[in-house]
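4 protein chains.
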Amino acid sequence: MSRFSEPPSETFRRLNDSLAFDRRLAHFDVQQSRAHVAMLASQGIIAEEDRDQLEKALTQVEDELRSGTFPFADGDEDIHMAVERRVTELAGRAGGRLHTARSRNDQVATDMAMFVRQAALDAEAACLELAETMIDQADRHLDWPMPGYTHLQRAQPVYLSHHLLAYTWMLLRDAGRFRAVLAGTAALPLGAGALAGVNFDTDRSQVAAALGFAGVAENSIDAVSNRDFVLDYLAAATTCATHLSRLGAEIVLWSSEEFGFCEVSDAWASGSSIMPQKKNPDAAELLRAKAPRVSSHLTGFAGVLHGLPLTYNKDMQEDKEHLFDAVDTLELTLAAARGMMQTIRFDRERLSAAAEDEFLAATDVADLLVKRGLPFREAHGVVAGLVRKALSEGKTLSQLTVAELHEASDLLDEGFYELLQERGWLESKVSAGGTSLAMVRRQIEQARKRVEEARSGR
Amino acid sequence: MSRFSEPPSETFRRLNDSLAFDRRLAHFDVQQSRAHVAMLASQGIIAEEDRDQLEKALTQVEDELRSGTFPFADGDEDIHMAVERRVTELAGRAGGRLHTARSRNDQVATDMAMFVRQAALDAEAACLELAETMIDQADRHLDWPMPGYTHLQRAQPVYLSHHLLAYTWMLLRDAGRFRAVLAGTAALPLGAGALAGVNFDTDRSQVAAALGFAGVAENSIDAVSNRDFVLDYLAAATTCATHLSRLGAEIVLWSSEEFGFCEVSDAWASGSSIMPQKKNPDAAELLRAKAPRVSSHLTGFAGVLHGLPLTYNKDMQEDKEHLFDAVDTLELTLAAARGMMQTIRFDRERLSAAAEDEFLAATDVADLLVKRGLPFREAHGVVAGLVRKALSEGKTLSQLTVAELHEASDLLDEGFYELLQERGWLESKVSAGGTSLAMVRRQIEQARKRVEEARSGR
Amino acid sequence: MSRFSEPPSETFRRLNDSLAFDRRLAHFDVQQSRAHVAMLASQGIIAEEDRDQLEKALTQVEDELRSGTFPFADGDEDIHMAVERRVTELAGRAGGRLHTARSRNDQVATDMAMFVRQAALDAEAACLELAETMIDQADRHLDWPMPGYTHLQRAQPVYLSHHLLAYTWMLLRDAGRFRAVLAGTAALPLGAGALAGVNFDTDRSQVAAALGFAGVAENSIDAVSNRDFVLDYLAAATTCATHLSRLGAEIVLWSSEEFGFCEVSDAWASGSSIMPQKKNPDAAELLRAKAPRVSSHLTGFAGVLHGLPLTYNKDMQEDKEHLFDAVDTLELTLAAARGMMQTIRFDRERLSAAAEDEFLAATDVADLLVKRGLPFREAHGVVAGLVRKALSEGKTLSQLTVAELHEASDLLDEGFYELLQERGWLESKVSAGGTSLAMVRRQIEQARKRVEEARSGR
Amino acid sequence: MSRFSEPPSETFRRLNDSLAFDRRLAHFDVQQSRAHVAMLASQGIIAEEDRDQLEKALTQVEDELRSGTFPFADGDEDIHMAVERRVTELAGRAGGRLHTARSRNDQVATDMAMFVRQAALDAEAACLELAETMIDQADRHLDWPMPGYTHLQRAQPVYLSHHLLAYTWMLLRDAGRFRAVLAGTAALPLGAGALAGVNFDTDRSQVAAALGFAGVAENSIDAVSNRDFVLDYLAAATTCATHLSRLGAEIVLWSSEEFGFCEVSDAWASGSSIMPQKKNPDAAELLRAKAPRVSSHLTGFAGVLHGLPLTYNKDMQEDKEHLFDAVDTLELTLAAARGMMQTIRFDRERLSAAAEDEFLAATDVADLLVKRGLPFREAHGVVAGLVRKALSEGKTLSQLTVAELHEASDLLDEGFYELLQERGWLESKVSAGGTSLAMVRRQIEQARKRVEEARSGR
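Residue numbers (our numbering), protein chains in the order written: chain A, 12 to 469; chain B, 12 to 469; chain C, 12 to 469; chain D, 12 to 469.
The hints are simulated quantities; they were obtained by calculation from the structure and are not laboratory data. Do not take every clue at face value.
Identical chains share a label here; the pair holds if one copy fits it or two copies do between them.
In silico DSSO-like links for lysine-lysine, alpha-carbon gap of 30 Å or less [said to hold, decoys possible]:
hint: 1; residue 1: LYS382; residue 2: LYS290
hint: 2; residue 1: LYS400; residue 2: LYS290
hint: 3; residue 1: LYS67; residue 2: LYS382
hint: 4; residue 1: LYS290; residue 2: LYS406
hint: 5; residue 1: LYS406; residue 2: LYS460
hint: 6; residue 1: LYS400; residue 2: LYS67
Please take these sequences and the hints and turn them into a complete structure.
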């Protein structure tokens, strides 16, 4: 088939052949060939009887692929060659017409765009499912106080529901990001030929419509050089994996004996080969561990494209392994996050005990002084002094005497003790988006609505 | 102001302080404080006279910053502290009220969102300008034939205009990507407080409206933990920088004596310290070189966020240097690409001579056979045989005899020589998005329209 | 000086000029010029009086640089040009002889190799200092029990000294890695000229000896293309920064109220702008945060070199910013780690209370059974059963009755309670490298010896 | 065997199980178990008859693994469990003693260290083989002139041999780097137990000796936390892959019609699915493409370790896929580079024609002036003026008249034309490491010697 007289070296075949990984494009490849054949016939480029034979052969190929009986042959370098070879075995000479008016370059770009589109839709759906799981868990733990942290230091108390919902909003943004990936896959590459367009009067719009593309790529050179959509997916996946790694890291942390805030169910944990008492939150650790892997696929593939002259270069074959592993990793971690979060058990007592740390009220005390007229910056200084005093004497805030309070500020009186006793520090956060129950309830409603909207593609 | 008794170590200050780089947030910080103060007053949280004093001080701070007379002080750890300190110097006790109902955590998230929004808009505009430069150059070199390449091997001839326009479409997608970054900056963090919301009845929507945010972040924990928008910008920048690196690489290549397709103007080139004859396309090389830098900022910052428990952690301070350098790099490379492309000179003769290589017609010959009834795959084989024959005998295709043609296929006749002679290989690419002149003209129109639409925000 | 007729564009200057960052090479540049000039004269390539004038001028340049009075001029693109210009101002026509028999390409490679060598030696020294600090702290906390963790779950008790020493061994390896970087800087690039060698009978060995290189680069093309040593440094820095990030992460964790194992001194912590009680371990967080930054410089610069044809290309100018920021970051984090660890306070009670968790003895119980003849895998199963029973009944291990023990294994008797009571779980780890006191003492001795050996270059 | 009551979730199994990839550690795992068992028996920790049974079982396991008949079971999570399970099937109760005095944590660290050691030795050998191939090709093309490039502009002529040898020196450094990786694998982790050492009087030195380790890890916590050696390998691989990518990029470039310097053999090239004339240098493109993949494994795995508390965490399981793919990629690209370079054909005429470009003599002309007394910087200016003049008038240098020469400098005379005619520009590069034939011959000798020294481990 080529102008070559020498067969490929075995090492070259190992380096060059992509069938081992690109076979997962098979379904898209056949779909695309169907649409291409239909167009060729309706434009009169191939005869109707050729079309019929090709369609029949493609149907059989699809069946064989689905049932796992597709006979791969030794010389199949990639999935496209495998399919065309098989079609030719089945359709005879007509098989040789399948590749009319297209090239491997526009063909593989089209397969990849279709793959990315599907992967992005799957990821969007999985993000929304996990978002919903987090809402359900928020609902179930609505008024469970826990400490909120900054710098991993207890800062202000929040409800567990509020904390869990933070992930819902991340996931909603992730879903939006995957939805936005679709825009980059909207222009059909097929019909660009090798790089310059083709010598036939094709109707690319017909093919685009058949395959679910919004339109056709306007420049044939760009069409075969473009892998932006792979980078788009990898970028969305990186951010999403980063969110999951933060979730994983928190569950690992909270599962420690020291925090003791939660316990993952046995189905999502491992034991130790040597320490019989161990229960390790492996699933959470792996959620944490996968983000660098996904993000390194992004850098890796951007690195491949860097400095690459137009149009198609073999380097671009690297798009597949980077993308496929990222897709698999993300699919698995999203599913695992969901399973783990659905069955996790939180420990109300441990959470609540930690939230009762009086020092968490320091901001509330400062705000009390603000409401009594002290500028915030001064109020902050007054309370910092009280904290310093209490810590150095090994006391809690409520163990300070009225005299000590007065010394710090004459605006302080019994209200100080009341504020500490009422433990209303959570309900005082009345601002929009704050942790007070009313706000969390509104937030849950809002989040459920957004999930629904996203599901219906709005 | 703190509960501490010991001053910070000098090494710690060097590690911790961010004023050296975050001072470029100054303008956004002041703008945000203005909106915050206005809201505090209209909600009755501070008195109107305090507001007036704060506004006056903020105006002066802005003037000082603009004129470069702002008096930074030794203890200023970051720009927020510097501004607040100065406001307090100017407004007296009222200054102490500025930080009421907000925290450094929501404040810095807000500054960063505003910065990213501006940077994305700037990048979008610069992409559109460069896209337009490429269209202008396409217009100017409409019908200049050149070889199109795959695998850096001459493949099929195209017009230079068509090749240049490929970059236009990349840049239009880049512009779209930067526009999409805005979505991630639409929710105002301010008002989230340290992490839990605030103890005051604030009106966050008022602040959002004043600062150009579409709404408010719905979850205070997420609001202060979220840097997705930084990743969004860096991802868009990575793809854009990768496009520019492909352009840079091509200009370097085309500037070589061997290609000789173009020459960058003296204003965009360098000489050699030792070789007097050298003219180096340094600007093009730097366009190429910057993509890994931008993309490594993305991995770097995603790495910082990886596994980070909620909410704010000091690690997140790293967002700034990664982002700022990426923004500066991109701004400079987009401007440089434009300047270089506006003044570059192409060499019509060299381009055209290279495009006349007869082997570039091989696909056209195969398609001729297809039109005469041969299945494409067989036609491909026939022509490959002719090419092999010609190469091994050191001939061009048109030097093959009719007898030799017949031996290869009886469908071949004088039409073969005509096809080679007419050199109509470019105009034969009549498919949509192809390189024929009619199609390129339509493409230019289409591209100009898209630039305009993008500029008006459609 | 060049063949150009047009001045550089302002944007090009901004993109191209490197003086802003490469001025830190100044010292090495002057040193190299001294050695070069001496060789030129001793080979008779320049006259002795020219040499004298050049040396005088170089001495003055060095003084000016040191005292900050060096007069940079507007047209200085880079430090090499600035130095040569100034030398020519001072030495008159002789200045024009400075660049004889060398090129910018071998000159800058030489500067960079010298810079890397110094940076690697500095980093090695800083690693050894920190290693020593960790040993000192181990000495001071020799027999303080604490829980050892796997998967962040308490696993087996160890001594704090043993845990701190783990970092010593990492740092010793880091020091070794920085020492190994020197090997890559041993071959002098200078004398390679632009890429092909020079037209003069130079004595490169003389220059090498003068500048502390072990020999000369054997291939002039490789000499100017080579930046391996930059990658070497960045790789060593990545591993070192990763170690520091693990240390930082642990200190953050241990500083939490939940762990409560340690408190960084006020000099290495920050307060909060809004929460008066907060003491945030910022230095530890920044140790953690810097690793991705360093590692992204490595990927970034490897990305620049990827696919770059030989020999020098302007892209290679990117080596500087990646390297310099990595060097600064590492220097600062190593110093900060040392300062923080020297002044940190550990809480003996909290550590010890956590270490007394009886479940940490599970492996010891299993090993008791092994010593009584049970295969380890069966012993592990028996103890896992006991743990499950205890947990499900809310008991500690020692609250299980003898009857319950017998039910699990007839090899269990009162020895079980003794083992739990003796709390000899630490001292039972008698194997080499284990946590028993004798072993830790030996380890400290060993580690001190290794630090000394490393310091003396062995 | 664990304390759990619930079976693992199917999704968790998919996420957690590592058998699919860690089975390639099987050989090392068995080897290690042999050494462990021998030591346990010689220390009296297990009986001699148990040892005999275990050894017999391990021998059979090894045979089964080698012959592909090893019966993997459904519950095998990883290779370690698979081997232990099978040993227990074969050896009965004695199998339960295999895991005495060790843990999965030290076991897997040991397997990985052994794997890295082997991979580094393999990579070293492959680098040396490729280095030798490059020397052989240099020998074969010793005096073939070609242009040397900087900034991809012709700069000065060199011999093809000299250019090819540049890669030899890179590869020699690579070999040295892989050799240096061994240092990081010299300390045996086994015997560290889970993290704290073990309760048995083991003899780790015996095991170390048996497995080829130089000594034992001195700190059990570090032993199980340490994956530095994986980073070491990945760093060496990154630099090596970057070198190969530069080679690949040059071959792609030189294979273009425009350069026409070489042609890869048919066995290392591909055709086109649509363009019959195409011969694409796919192998060279893939050499170029693989560097970002390898380097992204380094960032990816460094990212995994970043911020990870000691000791073992499940995240560290990610070491395997990153490492294995890097090892496979490197092995394949080194072999491919060798095969491709052994069979590549260079085109003497095209190379030489390009090298005769008179402008390449500009530095020699300047140096002529220097030898006649003009300071280099002035000489450079004179020649730049001549070049500008020639270019603007469309002349070559030798077409300039004597009058024109005099106008530029009165030091110029007929010697100018002689210098241009003699084309001695290559042989004038007499400095050490330069391109003159004598120097290249010396270089080849030197390089062969270094290969031999490296092979014998010196």
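Okay, the hints, checked on the actual structure:
no., hint, verdict
1, LYS382 <-> LYS290, "between (49 Å within a copy, 25 Å between copies)"
2, LYS400 <-> LYS290, "between (41 Å within a copy, 14 Å between copies)"
3, LYS67 <-> LYS382, "between (80 Å within a copy, 23 Å between copies)"
4, LYS290 <-> LYS406, "between (36 Å within a copy, 17 Å between copies)"
5, LYS406 <-> LYS460, "neither (47 Å within a copy, 46 Å between copies)"
6, LYS400 <-> LYS67, "neither (86 Å within a copy, 37 Å between copies)"
Hints 5 and 6 from the earlier list are contradicted by this structure; the remaining hints agree with it.
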